[in-house]
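As you go down the protein sequences, you meet chains Z and G in turn.
Our numbering numbers the first residue of the first sequence as 1 and each following residue consecutively.
Our numbering numbers the first residue of the second sequence as 1 and each following residue consecutively.
Hint data in this document are derived by calculation from the structure and do not stem from the laboratory.
From the three backbone atoms N, C-alpha and C, an ideal C-beta is built for every residue, glycine too.
You may find that some hints are simply not true.
Estimated spans, in silico, between C-beta atoms of each pair [claimed, not checked]: (1) G:L142 / Z:I30: 48 to 54 Å; (2) G:I52 / Z:I30: 42 to 48 Å; (3) G:F319 / Z:E24: 54 to 60 Å; (4) G:F319 / Z:V15: 53 to 59 Å; (5) Z:R5 / G:Q34: 23 to 29 Å; (6) Z:V32 / G:G48: 35 to 41 Å; (7) G:L43 / Z:Q33: 39 to 45 Å.
Straight-line C-alpha distance at most 25 Å; calculated PhoX-like pairs for lysine-lysine [said to hold, decoys possible]: (8) Z:K27 / Z:K38; (9) Z:K90 / Z:K38; (10) Z:K142 / Z:K78; (11) Z:K2 / G:K328; (12) Z:K38 / G:K63; (13) Z:K85 / Z:K75; (14) Z:K78 / Z:K90; (15) G:K63 / Z:K27; (16) Z:K85 / Z:K142.
Which residues of chain G face chain Z? A partial, calculated answer using Cβ under 7 Å [unchecked claim]: (17) H67; (18) I68; (19) P72; (20) W160; (21) V309; (22) R311; (23) R316; (24) F319; (25) Q321.
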Amino acid sequence: MKYFRNIIVGGWSLVLGYSVTIPEIFKPIITVQYPRQKLEMDVGYRGHIELVRLPGEDGHFCLACGTCERACPSKVIKIQGVKPKAGANKAGVMYLIDFSRCSLCGICVDVCPVDALRHSMAYDLAFYSRWDNVIDLVARFKEQQEQERS
Amino acid sequence: MSPVSDPGFLLYFLTQATEREPGFWNWAFYWFSQEVVVVVVGLLLIIGFVTINAIGLIYAELKIAGHIQRRPAMMEVGWHGFLQPVMDAVKLLVKELTTPTAVNRPLFVVAPVIVFLPVLIAFIVIPFSERLIVRDLNLGLLLIFAFSALNVIGILIGGWASNNKYSLLGALRSVSQNVAYEIPILLSVMSVVIMTNTLRMTELVAAQEKVWFVLVQPVAAILYFIAATAETNRLPFDIPEAEGELVAGFHSEYSGMRFALFFLAEYSNMFIVAAVFATLFLGGWHGPILPGPIWFLLKVYVLVFLVIVARWTFPRLRFDQLMTLAWKVLIPFALANLLVTALVIKLIR
Numbered sequence: 001m002k003y004f005r006n007i008i009v010g011g012w013s014l015v016l017g018y019s020v021t022i023p024e025i026f027k028p029i030i031t032v033q034y035p036r037q038k039l040e041m042d043v044g045y046r047g048h049i050e051l052v053r054l055p056g057e058d059g060h061f062c063l064a065c066g067t068c069e070r071a072c073p074s075k076v077i078k079i080q081g082v083k084p085k086a087g088a089n090k091a092g093v094m095y096l097i098d099f100s101r102c103s104l105c106g107i108c109v110d111v112c113p114v115d116a117l118r119h120s121m122a123y124d125l126a127f128y129s130r131w132d133n134v135i136d137l138v139a140r141f142k143e144q145q146e147q148e149r150s
Numbered sequence: 001m002s003p004v005s006d007p008g009f010l011l012y013f014l015t016q017a018t019e020r021e022p023g024f025w026n027w028a029f030y031w032f033s034q035e036v037v038v039v040v041v042g043l044l045l046i047i048g049f050v051t052i053n054a055i056g057l058i059y060a061e062l063k064i065a066g067h068i069q070r071r072p073a074m075m076e077v078g079w080h081g082f083l084q085p086v087m088d089a090v091k092l093l094v095k096e097l098t099t100p101t102a103v104n105r106p107l108f109v110v111a112p113v114i115v116f117l118p119v120l121i122a123f124i125v126i127p128f129s130e131r132l133i134v135r136d137l138n139l140g141l142l143l144i145f146a147f148s149a150l151n152v153i154g155i156l157i158g159g160w161a162s163n164n165k166y167s168l169l170g171a172l173r174s175v176s177q178n179v180a181y182e183i184p185i186l187l188s189v190m191s192v193v194i195m196t197n198t199l200r201m202t203e204l205v206a207a208q209e210k211v212w213f214v215l216v217q218p219v220a221a222i223l224y225f226i227a228a229t230a231e232t233n234r235l236p237f238d239i240p241e242a243e244g245e246l247v248a249g250f251h252s253e254y255s256g257m258r259f260a261l262f263f264l265a266e267y268s269n270m271f272i273v274a275a276v277f278a279t280l281f282l283g284g285w286h287g288p289i290l291p292g293p294i295w296f297l298l299k300v301y302v303l304v305f306l307v308i309v310a311r312w313t314f315p316r317l318r319f320d321q322l323m324t325l326a327w328k329v330l331i332p333f334a335l336a337n338l339l340v341t342a343l344v345i346k347l348i349r
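Bound-form chain G, shown alone (with noise of 0.2 Å):
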């Protein structure tokens, strides 16, 4: 056995041979074991938390509507169908990669990565609890809302590339909801973060000690979770893919993998909301007796549980209905409330 592949041996390398080696080599098994080990391990932890938690919400979603509608949803695969999404994501791995001839393929191609790697990114920042995040960086909640803002532009290749009038107007569709909605999230999370004075999740979270912000702010808990909703272009806000209008939006075209990518994404984006929802107005990781991944995956997926409800509730809204919403109503309040939270922080600090 090599000393390589020896687990014990790689063990001592990077606990006790770079407390006891000075120079270069303590300083490259130093770097070696906090970036090299915590990139990889921190992506592939990623890779399968994204890929489980889609095919549990794929799941979730399926046997919420079914119960909704008084039937059992899917029983065959599996016991109670468990294995139906595990199946329906192997026959999209296996799928071949079909490309019309009129797209645009470069653009074509990348789409999918462009959406899908947002995502991934902002798991980085997102705090399961004090010691489990994978980088808490000190401008966490700036990268989840500055990379998120790069689904839009995924979408619009996506659309544009197809060369189909139906993906065309759903992708701009999609863009100008997203543009008008990523305000209102913005503003109220900005009433958030006034009030702690970072942008760092754990910080967000440690705030929280004593009161969960969603009783200091509720005007704003409120706010973001319906313009997060909207974001993640989920129904009652799935206009950019309103199937009795537009087929199916902005993948019409997309097939196999390709599609399969955009489907993660947005059940992913789907977490990331709920995640920085809990982050911002329900601390986090704050709760009693059971540890604390438990408590923020509890509050994640009760805010998922709702949003997944919304689409079995509510009928899709009109455009201009949409458009009403964002901008005579969420942002004239998201601004109000901002505007109160800094007199009142003004005044009483």
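The shape of chain Z in the complex, shown without the other chains (with noise of 0.2 Å):
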């Protein structure tokens, strides 16, 4: 009795298989054709980081306080600010960030004290050279700020 049991449940098994793949087929395709097509990122996305933009505002909010630069636990960070004038605030005129060996951990995001920080939706980082991976922020932020204006 065993053996018949084991032939109809094995020949059984053989529709259900069947009926799983083959409507499986013409289900709609859910990959991305990459290089031509991108996927839009999720707000929660946490990419590399970058300077807050805001709408309004024509610059951007580090003070150069170095808090990221202390608390980021892969030391990639490095900040360079001036004071523009005696008495102002001082403000970040270069802020360098190594994403070689960034983990994406956040930190610097948390402990900024002005929120300057944010993480973007950037995910596919590549370059040809891993100096090219050395980044400075507020350049890229000019660089797109312009792009925006243009």
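Please dock the two separately framed chains into a single complex, following the hints provided.
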């Protein structure tokens, strides 16, 4: 009896297998043709960091206080700031970060006292040289601002 | 223009001259038109069809695999990657034929040819329609199965000559598998042959004008389908080339056109096995409205589709499971089916 039961159960499993895979062929495709199509990242996505840009404001909010530099567990951040005039707040003029060693932990974003940092939506970071991984966020900020203006 | 290269003259030669002029030349022209022309044209058609069929099936296989996994498969070369298998074929054609130093060279070279030749021979008797058949032999069905058995020898030679433990293991597995599954195939086919009393492919189809044999012989049909899938070394029976265990089985050492011959043979075998199923059980070219060859190809490719989908549906069998399935399930059922068929035929006639 066990012999016949095995055959019937096995035969039925063949039908079940086909009934799973054949309908699957006609369902829509869920992957993306990467270089031609790109996914829109979700709001909660933690990409590499960038300086916050607000629509009305002209500049960034970085004070070059160095809190993120000290908090960074990978020690990949280097900031330089200047005072534009006597008595004014210090402003960051150079914000270097080495993305090749950044682990996207987000501590720099959390500790920033003026909320000048945020995670970006970019996810395809690849460079030809490892020195290209070191990006100046202030320069990137200005570049993007000019792109928006034009 | 010389008379020989003038097509009008040739046509006259082959049609009019053979009727008007008696004697030796009459016979010679008749022989030429019947034998040589049929052989050459038939061979060219078969080789062309085998190639196009293999390229189409590779494309279909990759696309079906992709869509089962909800991805579009290849999209780069040609419209929806249509030229990808063609490019693969070109790449295999122009690739250098590397021969490892440790192999048995003559056997190594001859193995792909032995695997590929039965395919060409089997196509001779496949009836695409009532008239579209290269040679309607009275032992057509036997010819297909006799030469399909040669496939095993080619695989064994290839695996042995490669001088590689994985190739040898793959070849040995393939031989034991094919020998085991040849029996249920032949037994299930026998029960149809007992009913029709013929091995001629066109007569087998003609006998199904009223009712297809899949309705009369459902057990034989199912047994044939399972055993035939195993015979073509397709998943879930692709134990000879189980990638996880044996690299690529018997063709691990092959590359370039020699590998392509193995590949061509595999995809053509799928077609042949499905064509025999369509001929024996699904009424061959019979069907309403559409012309015969289209019906035949439709049935064949539906079966091939099922074989391809099986690859992405069922897991590979373990070797003892494979042997259990053949010797303890398929063969007893095929024997019982044959016995019952024979009894019923005896009682009816």
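Now the hints, each set against the structure:
no., hint, result
1, G:L142 / Z:I30: 48 to 54 Å, "49 Å, holds"
2, G:I52 / Z:I30: 42 to 48 Å, "32 Å, violated"
3, G:F319 / Z:E24: 54 to 60 Å, "29 Å, violated"
4, G:F319 / Z:V15: 53 to 59 Å, "25 Å, violated"
5, Z:R5 / G:Q34: 23 to 29 Å, "58 Å, violated"
6, Z:V32 / G:G48: 35 to 41 Å, "38 Å, holds"
7, G:L43 / Z:Q33: 39 to 45 Å, "42 Å, holds"
8, Z:K27 / Z:K38, "21 Å, holds"
9, Z:K90 / Z:K38, "39 Å, violated"
10, Z:K142 / Z:K78, "18 Å, holds"
11, Z:K2 / G:K328, "13 Å, holds"
12, Z:K38 / G:K63, "22 Å, holds"
13, Z:K85 / Z:K75, "30 Å, violated"
14, Z:K78 / Z:K90, "15 Å, holds"
15, G:K63 / Z:K27, "13 Å, holds"
16, Z:K85 / Z:K142, "21 Å, holds"
17, H67, "4 Å, holds"
18, I68, "5 Å, holds"
19, P72, "5 Å, holds"
20, W160, "34 Å, violated"
21, V309, "6 Å, holds"
22, R311, "10 Å, violated"
23, R316, "13 Å, violated"
24, F319, "17 Å, violated"
25, Q321, "10 Å, violated"
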